[in-house]
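Asker: Same order as they appear, the protein sequences are chains R and U.
Per the numbering used here, the very first residue in the first sequence carries number 1; after that it's consecutive.
Per the numbering used here, the very first residue in the second sequence carries number 534; after that it's consecutive.
Keep in mind that the hints were calculated from the coordinates and are not lab data.
Treat each hint with caution, since some may be false.
Stated by the list, open to error - Here are the computed lysine-lysine pairs in the DSS-like style, where the Cα-Cα straight-line distance is at most 25 Å:
#1 U:K897 x U:K935
#2 R:K73 x R:K62
#3 U:K876 x U:K864
#4 R:K73 x U:K688
#5 R:K62 x U:K857
#6 U:K897 x U:K882
#7 U:K725 x R:K73
#8 U:K935 x U:K876
#9 R:K62 x U:K725
#10 U:K725 x U:K653
#11 U:K928 x U:K873
#12 U:K963 x U:K897
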Amino acid sequence: MRCGYTLKPKLIIILLLLVMVPLGLLTWLGSRLIASQRVAVERSFLALQQAKLADVETTISKVLARREQRLVKLGGSLSLTAEAMRETVRSEPWIRQVFLLDRDGKLLHPSPAGPLSMAERTFINRAGQIFDDRDVFLRPAGERPGERPAQADHGWYTWYWRSGLNILLWQRLGNGAILGFELDRFRLIADIISELPDTRSPASLEARLTLTDSRDRVLYQWGDYNPGENEAPATSLALAAPLKPWHLAIYTGGVSPSGVFDSGTQFFLILGLCALGLALLGLAIYFYRESSRELRDAGQRVSFVNHVSHELKTPLTNIRMYAELLQEHLGGEDQRASRHLEVVVSESQRLSRLIDNVLTFSRHQRGTLKLRKLPGVVDEIIGRLLEQSARALSEKNIEFDFERGAPRRVLLDEDVLRQIINNLLTNVEKYAPGGRLTIRTSQAENRTRITVADSGPGVPASCKERVFEPFFRLGSAVSEGAAGTGIGLSIARDLARLHGGDLELVPSDSGAVFEMTLVTETESQDESADCRR
Amino acid sequence: MHWFKTFLGAALALTLFGACGAQAGQVRLGFDVSHPMLLAGHKQTTYLKIGLTGLALASERERAPVNVAIVLDRSGSMSGMKIRRAKEAAIMAIDRLGPDDIVSVVAYDQNINVLVPATKVTDKQYIFNAINRLHPGGMTALFGGVSKGAQETRKFLVRNQVNRVILLSDGLANVGPSSPDALAALGASLIKEGISVTTIGLGLGYNEDLMVKLARASDGNHAFVEGPEQLARIFNYEFGDILSVVANDVNVVISCSPGVRPVRVLGRDADIVGQTITARLNQIYGRQEKYILLEVEVDGSPAGQTRPLASVSVDYTDMAAKHKAHIEARKSVIFTGSAKLVKDNTNSKVMIAAVEQVANETNKRALALRDQGNIHEARQVLLGNERYLNDNAVKYRSSRLKNFGKANRADSDNLSPERWDRQRKQMRKKQYEFDSQQAW
Numbered sequence: 001m002r003c004g005y006t007l008k009p010k011l012i013i014i015l016l017l018l019v020m021v022p023l024g025l026l027t028w029l030g031s032r033l034i035a036s037q038r039v040a041v042e043r044s045f046l047a048l049q050q051a052k053l054a055d056v057e058t059t060i061s062k063v064l065a066r067r068e069q070r071l072v073k074l075g076g077s078l079s080l081t082a083e084a085m086r087e088t089v090r091s092e093p094w095i096r097q098v099f100l101l102d103r104d105g106k107l108l109h110p111s112p113a114g115p116l117s118m119a120e121r122t123f124i125n126r127a128g129q130i131f132d133d134r135d136v137f138l139r140p141a142g143e144r145p146g147e148r149p150a151q152a153d154h155g156w157y158t159w160y161w162r163s164g165l166n167i168l169l170w171q172r173l174g175n176g177a178i179l180g181f182e183l184d185r186f187r188l189i190a191d192i193i194s195e196l197p198d199t200r201s202p203a204s205l206e207a208r209l210t211l212t213d214s215r216d217r218v219l220y221q222w223g224d225y226n227p228g229e230n231e232a233p234a235t236s237l238a239l240a241a242p243l244k245p246w247h248l249a250i251y252t253g254g255v256s257p258s259g260v261f262d263s264g265t266q267f268f269l270i271l272g273l274c275a276l277g278l279a280l281l282g283l284a285i286y287f288y289r290e291s292s293r294e295l296r297d298a299g300q301r302v303s304f305v306n307h308v309s310h311e312l313k314t315p316l317t318n319i320r321m322y323a324e325l326l327q328e329h330l331g332g333e334d335q336r337a338s339r340h341l342e343v344v345v346s347e348s349q350r351l352s353r354l355i356d357n358v359l360t361f362s363r364h365q366r367g368t369l370k371l372r373k374l375p376g377v378v379d380e381i382i383g384r385l386l387e388q389s390a391r392a393l394s395e396k397n398i399e400f401d402f403e404r405g406a407p408r409r410v411l412l413d414e415d416v417l418r419q420i421i422n423n424l425l426t427n428v429e430k431y432a433p434g435g436r437l438t439i440r441t442s443q444a445e446n447r448t449r450i451t452v453a454d455s456g457p458g459v460p461a462s463c464k465e466r467v468f469e470p471f472f473r474l475g476s477a478v479s480e481g482a483a484g485t486g487i488g489l490s491i492a493r494d495l496a497r498l499h500g501g502d503l504e505l506v507p508s509d510s511g512a513v514f515e516m517t518l519v520t521e522t523e524s525q526d527e528s529a530d531c532r533r
Numbered sequence: 534m535h536w537f538k539t540f541l542g543a544a545l546a547l548t549l550f551g552a553c554g555a556q557a558g559q560v561r562l563g564f565d566v567s568h569p570m571l572l573a574g575h576k577q578t579t580y581l582k583i584g585l586t587g588l589a590l591a592s593e594r595e596r597a598p599v600n601v602a603i604v605l606d607r608s609g610s611m612s613g614m615k616i617r618r619a620k621e622a623a624i625m626a627i628d629r630l631g632p633d634d635i636v637s638v639v640a641y642d643q644n645i646n647v648l649v650p651a652t653k654v655t656d657k658q659y660i661f662n663a664i665n666r667l668h669p670g671g672m673t674a675l676f677g678g679v680s681k682g683a684q685e686t687r688k689f690l691v692r693n694q695v696n697r698v699i700l701l702s703d704g705l706a707n708v709g710p711s712s713p714d715a716l717a718a719l720g721a722s723l724i725k726e727g728i729s730v731t732t733i734g735l736g737l738g739y740n741e742d743l744m745v746k747l748a749r750a751s752d753g754n755h756a757f758v759e760g761p762e763q764l765a766r767i768f769n770y771e772f773g774d775i776l777s778v779v780a781n782d783v784n785v786v787i788s789c790s791p792g793v794r795p796v797r798v799l800g801r802d803a804d805i806v807g808q809t810i811t812a813r814l815n816q817i818y819g820r821q822e823k824y825i826l827l828e829v830e831v832d833g834s835p836a837g838q839t840r841p842l843a844s845v846s847v848d849y850t851d852m853a854a855k856h857k858a859h860i861e862a863r864k865s866v867i868f869t870g871s872a873k874l875v876k877d878n879t880n881s882k883v884m885i886a887a888v889e890q891v892a893n894e895t896n897k898r899a900l901a902l903r904d905q906g907n908i909h910e911a912r913q914v915l916l917g918n919e920r921y922l923n924d925n926a927v928k929y930r931s932s933r934l935k936n937f938g939k940a941n942r943a944d945s946d947n948l949s950p951e952r953w954d955r956q957r958k959q960m961r962k963k964q965y966e967f968d969s970q971q972a973w
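Just chain U, with the same shape it has in the complex:
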């Protein structure tokens, strides 16, 4: 009898509320809940994962045109190998673009110099020559550089293309607005126009908080490049991403049903107003999943009752079809008296993502503690995080979580002052990778 009930419940859950997928055009929406069955009579926390996966482009020719501004730091600290490799990397990356693409190159020290105003990539040699003429020397007017870079992309701002500023910096911004919040505000404003800023920090001298915040606010990528020889690879990754964009201007609205209280969105910035959660992604890359993980509190209900959880609606621009697309999905939960059923029906994929995001938040807390000089406590938090990840790795049979646990242990070993510079950049980079599901 009991097993039958279990079976029936599982079958019901599968048919009614099982893996819910919706697709229109180039983006597949996956709307999953960590616990499709909840224990009756209790207020419980559960996670909703709204995953957006870009489908692979049929061919390179289908890709959307890109509009890229490369903003290069040419402050005095960039001299030598750094500027040489940066030039090479930029030239190599631009070489991948075609005549429908638009590129601009801006260099900044204490002043801004628009080396190549936004132009179609038809005369590559002209662009390369302009880049090669670059000489380093001076201070770091990062804000101005990004402003001018954004302005160059704005000259050819079309929604059906990938609008992006790629910022390379190896130093602290010291001319113009220079706080991480100032750059975050600028990034938040740029994403409204469909411009993302990818930030590449080179060496150990840059402000990783500023670079991460700018990328995060504008939904760009972020990279920590320790040595200039890695620049080419990173530019390659970045251009790999932007040449694979299948959708942009992605607006996600999640409406929680009554009795479901949204607590927080893990990793990403989202607006929570009452029962409505709004989040914006600037683009979806092909063959990559971006997700929004929402933690909710669900009021208790009697066993056997079904409660609508939330509906999600996604609007985006399909780059291939060049039109607006819309996908919707809804989700409910069933209440049961059986703890086993709750456990057996737990969606391990969602849970792994949730554990990852929670552990990532813990990792950020450890970093904050270390910032206060509290090395010991930070270490304890990281080691606790490792245990948490290991426990869940076993529970959900996830090597991903296991590896993340190992990474936390490694972090805990590198908190000493002499390693902290590098370590902090590494951690901020990793954290952002989890926040934004960056592929590299």
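With the rest of the complex left out, here is chain R:
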């Protein structure tokens, strides 16, 4: 049903769409933006963490580099007597043991043959295996296959003994002998700890950094964040040789410290969306109010027209009645006067149809249209109508054919049928003057089909449905010179539908072809059909 009041929910839906679609689109775009930004932030966060670990790694590498420098220097100046080497062990905090191998790899100090201290004995026990593994540092540099003849005259060497990593720095002396310093592992750890940051309170770092050994035991940790039991680190990094088996890891709990920035963007985005949403909503409300005011105004106008039509109807009926009476009185005596009367009658009929339309329209809008079905013959009714309209049609040079096919006596609302046909005829008069009008009726069971075809310019396919909308007028080319209320077709369709059928514009090669179906039970059927709506 296309009454004016049904426009409102539609309008609301449209306005809501107007608000929701851009808002949804923006939200989607915004969330995409945030997601991609988050990925970018996560990536840069990860890079930041990696950089932090790399920094720490550099610090640790520096500790070892300083040791290396120091020990190489010490090795260069050390007198190679057992006493001097023992004194070095006694006085150098990071040195656990000093050893000396001759160019053939034979251990000269601590000499297994000579008197040994307890510590030296355990050293031979601990490090004995590496003296067999001579490839590591005993072979002169450059002899190793594939290696360029490097100037490697010293280097780190690590090996495992019992529970931990042991580290030594070897150094090739001028005579081909190898002097080695075994580092004290725990002292090395303590020195690394000394160089690494402590944990100040209040918190300076919302993360936990750990240094772990080859067995994943924590050697040192700092930072005010306490990771969960099974929390995986944000990232980790193996130390450079010789501490390769040790790892640095950073735990952040997945919360990026730049989350503030992230949620800030999110906040502003949501704020922007809210503002936009509000603006759109305001706009929608404005339009809604505007249109409802227009509707209200239109309603008032319709109501006014309705009142006026009612007031007009009675005098018009009287005019018609007396005009027709006068016509009968004259009985063709005065040709001129009766011609004039004919015009009066015809015009008052037209006016009466117009008023009927207006009243039907307003009744339809108020939902108070009712059918009053009585027995009648469709062909007869249409035939009478055509007779009445013959003059008006001929004035527009419209020839017409009536192919009768609905002779049965059926139940119908004659007024409704008349009004529909009248409106269709008026339509033809308006838009297809000087053409041919064909009216065809047919009947099958409970249905009556009436086709009204003209030879006018027709209706473009795109407007096929819209011609039935109230107040719709086709473009100027077609409707030029045609005046009307613009509700004729709309009323015709509404009435047809009220009568259980429909009115449609069917496609045709030329002209406009309206096809109407009506439910028309045969007279013998139950009278209760009267009440059916």
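Once you have looked at the hints, place chain U on chain R.
Answerer: Okay, now just chain U, sitting in the frame of chain R:
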């Protein structure tokens, strides 16, 4: 004739090899042998005692400046009275320091927090405030705490001052290297820089092996403090010690003569390589004797022959004079055919020290047995130790040994599981007291 011989021998021994003392600056070296006369023709065991006694400082103003890092456990178990008393004790101790001294305060739970980086003790209130802000909670990163504490002392590391880390812990180390050997290695490394670590175990939850090993390796003190109310006293003792240091960086080298085989050094860690024994003490406190007791095997010689036993050379830094000092001493033994002469000339002071050290080793053996769950055998060993000490107490008329015997009996009564926690800490503390001649 016989008595004359005895007299002559004794006189000779006295004049030639009697109480041998040497002194330079603030440290007096006593080099004594338990048996100045040995029975001819037999390979025998005897003890050499190298005692180093710090002389009393003339006045408090002469004392060496100290550089102390106080490393406080602030793990969750320290909360309440423990942390309160620890703070009070630390504040009270620091209050004894002067503007030439350096102090740093490090607190550790699972993380390390350098509360007061090494600073001259000029603004005490600033230091006290930092200590008072301490709140306990968390785990025990003991290794890291000591590492950072040592690093703070290292910032102002001078040989002419007392460099010390004082570690207070009431719990088991559980973050970072946590084995007694790891901490011992760290301590052994720190002493090379002249840093000692004093370890104070509070309550019954700490690892006494770790704490003792760390102190021993770095020549620090060790204390077992059962209740937090004793902390103030212990800090007082410790600061009493460090404010009385007269010498540091003390290197002792003992060279045994041919025919004299060094067997072991009792109590202390020392390097024995061939005939040479090297030991290091980080400091000598005023009015305290630290000694190195060396057990040697001396080859037999004919009666009347004199055999050089060993020479000892001690190098140290004299804190008052601020220069290096050196003392030397030598010792010989005379061989005699008379067992009586051997007995009469026995140096009871050295013997008492030797008996004490031997009994201390036995006490350690009993503890090891108890660790294996062998309560009965441990008790027997302790009771045997008491008898050994009692016998020697009579022999050398020593009440010290008598008391030590009583202590061993008391130990034997406290081996039951419910008392063992406390008892073990007590025993480790006592053992270390004998090992290092700690005064308190």
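Asker: It remains to establish, for every hint, whether it holds in the given structure.
Answerer: Against the structure, the hints come out as follows:
1. U:K897 x U:K935: holds, 18 Å
2. R:K73 x R:K62: Holds, at roughly 16 Å.
3. U:K876 x U:K864: holds, 18 Å
4. R:K73 x U:K688: Given that 25 Å is the threshold and the Cα spacing comes to 23 Å, the pair holds.
5. R:K62 x U:K857: violated, 34 Å
6. U:K897 x U:K882: holds, 23 Å
7. U:K725 x R:K73: holds, 19 Å
8. U:K935 x U:K876: Between K935 (chain U) and K876 (chain U) the Cα gap is close to 21 Å, so the pair holds against 25 Å.
9. R:K62 x U:K725: holds, 22 Å
10. U:K725 x U:K653: holds, 24 Å
11. U:K928 x U:K873: Holds - the C-alpha atoms of K873 (chain U) and K928 (chain U) are around 14 Å apart, at most 25 Å.
12. U:K963 x U:K897: holds, 10 Å
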